[in-house]
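Please model the entire structure based on the sequences and the hints provided.
One-letter residues, chain by chain:
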Amino acid sequence: MKADGDILITLAVQFAMMSLLAFGGANAVVPEMHRQAVELRGWMTEREFTDMFAMSQAAPGPNVMLVTLIGYHVAGIAGALVTTLAMCGPTAVLAHFLGRTWDRFRNARWRITVQAGVVPISVGLVGASAIVLTGAADHSWVAAAITVATAVTAFWTRWNPLWLIGIAGLAGLTGFV
Amino acid sequence: MSETNVPHSPAAAPIPTHAELFLAFFRITLSGFGGTLAWTRIMFVEKKRWMTSEEFNDVYTLCQFLPGPNIVNLTAVFGSRMRGPTGAMAAWAGFLIVPFCVMVAAGMLYERYGDVEAVRRVLAGVAPAAAGLLIATAAKMAMPMFRSFGPAPFVLLATAFAIGLMRWPLLLVLIVMIPLSIGLASIGPSWGRRR
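Line by line, the protein sequences are chains A and B. Note that the first sequence ends on residue 376 in the numbering used here; no numbers are left out. Note that the second sequence ends on residue 180 in the numbering used here; no numbers are left out.
The set of hints was computed from the structure by calculation and includes no laboratory data.
Chain B is nowhere near these chain A residues, computed Cβ spacing over 10 Å in every case:
#1 Asp203
#2 Gly204
#3 Ile206
#4 Leu207
#5 Thr209
#6 Ala211
#7 Gly241
#8 Trp242
#9 Arg303
For the chain A half of the interface with chain B, some residues (derived, Cβ under 7 Å), not all of them:
#10 Leu220
#11 Ala258
#12 Gly260
#13 Met264
#14 Thr290
#15 Trp301
#16 Gln314
#17 Ile330
#18 Thr333
#19 Gly371
Virtual Cβ for every residue (Gly too), placed ideally from N, Cα, C.
Laid out in structure tokens, this is it:
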């Protein structure tokens, strides 16, 4: 939990770059976060990563706050501030400037073509996140069954996801997993 | 709450001040369980009437076009449209302060109690469920693309394969996939509509 300058700079650069590549939102870059934090830099174990993702889904607020947990784990409150600012700052500046010129290119043909090209990529990235997290979280048949049951229920019903998370947490607490 | 049901009425309220922007997003995050987007819409279009529903949809389309956390970008565009750069900052900060504090508190608790048996068990149940929720999200997003003939399903599966299974670096995959996908979209704009 040492917050020396080097690690803060690394966090700032990595997460700012990830935010600019996050087509499809924060969920699109979960595999890259996993690759950086678990595989390349050894900031945390696989279990810690899936724990943090689970907490970011269960807590109020946007999913992007996963980066705050990662930053806190790596470098304390300074780390949390750096990852949150790096992930949420640069693209907000971009949004501010593009928001002013949006009227000029909203209906432009190139804009529609670019979006048509980028949307399937962003959906593929969310799919990749689902693959990476499922592989990381499911170490038993019961865990895999929970994943399948949650996915099926969330896909076919309009239940609040928090109910599903609550039920799964209870199943875990009572020792089923 | 009573006179909020007039559809498509123009934004009648005066332009919000910086403090109002900050507080509006601050309050949205306090009621943040179950999707901040829905609350943002209720606050801006129905309660405060700072925007029409058309303007809201337009801003949302822009934010889906942009990289980065969509809902955070949304706060910046709202604030920016109302009060310029400083308005964007006020809205952005109002939106992030509560979730940031919640997450730091969660991180502190996790570092201290993450190895307690009961906490381990709960997380062992919640983590697979969180993965399942993401599968459902991806499936819902992917469904419309598989209903049409065109490059989209190929691009989607290739991206998921490269990142999810091969674990290749995001930057490299995007450098290849974005030009490829935009190129395919530009030569075959009618592909999606055939069949």
